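Need the complex rebuilt from these two chains, each delivered in its own frame; the hints are there to steer you.
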Amino acid sequence: MSRRYAMAVDTRRCVGCNACVISCKTENDLPSGAFRDWIVTEARGQFPDLTLQIRSERCNHCAETPCVAACPTGASHVAAGGTVLVNRRKCTGCKACMVACPYGARSVHPDGHVDKCTFCLHRVERGQSPACVETCPTRSLTFGDLADPGSGVARLVAHRPHQVLQPEAGTRPFVFFLT
Amino acid sequence: MTELDVARHNPLLDPGLQAWGWEIPAYLFLGGMAAGVMVLTTLLLARPGERSTALRWLPFAAPALVTVGMLALFLDVEHKLFVWRFYLAFRWSSPMSWGAWILLLVYPVSLLVALAALDEGQAEWLAARLGRLGPPVRGARGLALRHAAGLRVANVAVGAGLGLYTGVLLSTLAARALWSSTVLGPVFLASGLSTGAALLMLFPVNPEERHLLARWDLWAIGVEAVLLLLFLVGLASGTAAGQSAAGLLLGGPFTAAFWLLVVGAGLTLPALIELLEGRRLLRATVAAPALVLVGGLALRWILVSAGQT
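So the sequences go chain by chain: X and G. Read in order, the letters of the first sequence correspond to residues 1 to 179 in our numbering. Read in order, the letters of the second sequence correspond to residues 1001 to 1309 in our numbering.
Rather than coming from a laboratory, the hints here were simulated on the basis of the structure. Predicted model only: the values in this text are computed from it and were never measured. Treat the hints with caution; some may be incorrect.
Listed next, the in silico SDA-like pairs over lysine to any residue satisfying Cα-Cα at most 25 Å (straight line) [claimed, not checked]:
#, chain 1, residue 1, chain 2, residue 2
1, G, Lys-1080, X, Pro-137
2, G, Lys-1080, X, His-109
3, G, Lys-1080, X, Gly-74
4, G, Lys-1080, X, Asp-111
5, X, Lys-90, G, Phe-1090
6, X, Lys-90, G, Ala-1064
7, G, Lys-1080, X, Glu-64
8, X, Lys-90, G, Leu-1104
9, G, Lys-1080, X, Ala-69
10, X, Lys-25, X, Ala-79
11, X, Lys-90, G, Leu-1081
12, X, Lys-90, G, Thr-1067
13, X, Lys-90, G, Ile-1102
14, X, Lys-90, G, Leu-1075
If we strip away everything but chain G, and leave its shape as in the complex, we get (with noise of 0.2 Å):
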């Protein structure tokens, strides 16, 4: 028997209480939607044949939500009048200063790929709607088109980076057993990849985008299943705090929402239902992408909270 008595009532200090609330497990989820509208938009508009009016529009969801995700982060943040500090440091051993600098570098990248994704009506409709911006924004257009090739690398880079660091963020900090394990990188990964085609699919895409979508998004559910048990046979295979953190899942008290969100809702019902669309057994809905979108918002809430607990 052990009994633990700690002469403190502070929900600021104790450590069973949780330092970061909703804003973090949100932004890490609009975040990494925002990778993967980089990825695939970048993949999607690289291919030759038609494009249709949404996919040249939706390269601009990536900084907009990265705008919503930043403005969680800001309300997180405690002494908000000294943001600006992020800015003043680049700190290697923290990733999150790598993802300060990494949220500042996406505005540009996809910015430019977005209006070089435009075609000539449609930058002009933009350009005229933008009154004082209208010529720079022209201006930048040019410049995007004549660097495309080397700004869809950047994208993708960029894009990858900002999923990975996403998962990084969590699991260098190895004072929190379940968030310490490299897999969790990927995992977000392959989620933020899987929820941006999510986002893409929404939108009205031509047919042979959305089967492309669809198929791309079954990929990353598959990597991110197979990639969610190597993180549980890591823990669980591991360490006495390894193990107990796996348990919060295997039986604990966020095994519930983790197996019906994450997993059924989530990772199997989606694919599933994206299979039958692709053998033209179902016809194609939003009910797939929806199913993807709650399960990798849970994904990161139950992980963002169990890991705190």
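Chain X with its partners taken away, still in its complex shape (with noise of 0.2 Å):
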């Protein structure tokens, strides 16, 4: 069975100390200024009502992918187990991927070519987890094969309640937010 590499956020247990921003940045030599995970805090309700959730978000690795049929030259594509990437020797940096990209997941390299998370997967191919994965102090963040139904994030997401970002865009994402 053909892999399909997914992730699970823990937004309960997530503080937002952006250990992965920073661990993200460091891993794939990022610019400054140049991120491919954020930190977002939404707070929701009334005073005293109100609820916190915390959430590490990056490219959502969607299953329909409104980006990648975007792209006029096959620069950006799907690569091994569903993960989303661009190839820079092909990209021409139009922004036509970053206009089609509901998340705001891309952005354009200080080179000229658009970029955007990997999912590591130059590591993830050596058999390590992607860089934010394995420095995140609270364990918050799981990844894995979802196609295997033993791996963390697997049982994780058919286990515990969770949420993916914007559903109604109909790109069917494959982070997906514990709650």
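The following block contains the structure:
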């Protein structure tokens, strides 16, 4: 059976420390001002009945990919395990994928090509976890193969209530936020 | 109450900030105008009777406009050394890929039509000034004259494709609620025909040609107004995202610009002026076409920036 990489983000564990953001920047040698993941803090309700959700967000590596559809050169593509990647040698920097993405998960690298989260595929292929997952001090992040029912991510998604971002966009995201 | 705090302050990444700047609306404006020029000059030249000298030269405006538009596109593209990658792939799902190839089709078709539109004297004048390019230009004109009928059909088809695609480019990007309307393609085509007619009216065409252009422009303005109304009704009566997108033009930050520049200056005023000109109550001036051009640019500018907020 083919692999389907996914990530579970436990919003009950995440404290918004930004370690995932910094480890991603370091691992992927990102330029100043650029990020591939980020922290969102969402407060809802009226005082005193407030709820707070902290999320570590990144590209959702969707199953339906408007970014790949919009790309005129094939630079944006779906790679191993459903990971959405950009081939920088094919990218013209036209930004069609950036306006097509409902999550704002892409940015222009100072070199001109479009940049985004890769699920650290270079590490995953060596048997390691993505940098953000390995660094997370509260173990909020779980990465793995959703097609393998025994994997940590598959078990979390099977047993914990969860949500995806903007399900109405019809993109079928593969980053799950455990609530 | 919902309060969002996002820990990133990156102008490149923040979706509230714009990925597409002035270059894209400028290109959509010039491309739409070129489409209008292709369709309208073909119609004017296919008609029997006298043709002005200006009209015989004006088909060249289409490739010239597309060239300036492509320059704007080139300025927008961030990975400039890799621009040739557009022409190593055709991606049917990507309107931008369709556009890249349509732009390439515009050149041979519109240039051949333009050469065929010249009379003998003009063609000789041009060939004599082109030096070594003279003989191939004479050859191309001969070819164009032999296939004039087919080329006219191709020019109208490619022109309509170009005009439609400038709107479809935006309307397929479902992540931006304001653009997520299939009416946008026809809106941009109608506006392209209108701005194309306006550009042609700025040149010394003869009174009969001017009269026809003003009449066609009135039709295009009417169709564009109805389509814009449908566009707003479609969004405002749709999903929550569509309603908030329509709100940008109906009370939100782009309301004044949209109603004053697009609806007022770009549609209503020139339509009134052209109506009065048609009834010989006003002398034909550059006022109406100039206003149409302002409105056409404003329409694209407002839609591209409002769609990204």
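**Asked** Checking against the hints above, which ones are violated?
**Response** Going through the list in order, the structure violates hints 1, 6 and 7 and respects the others.
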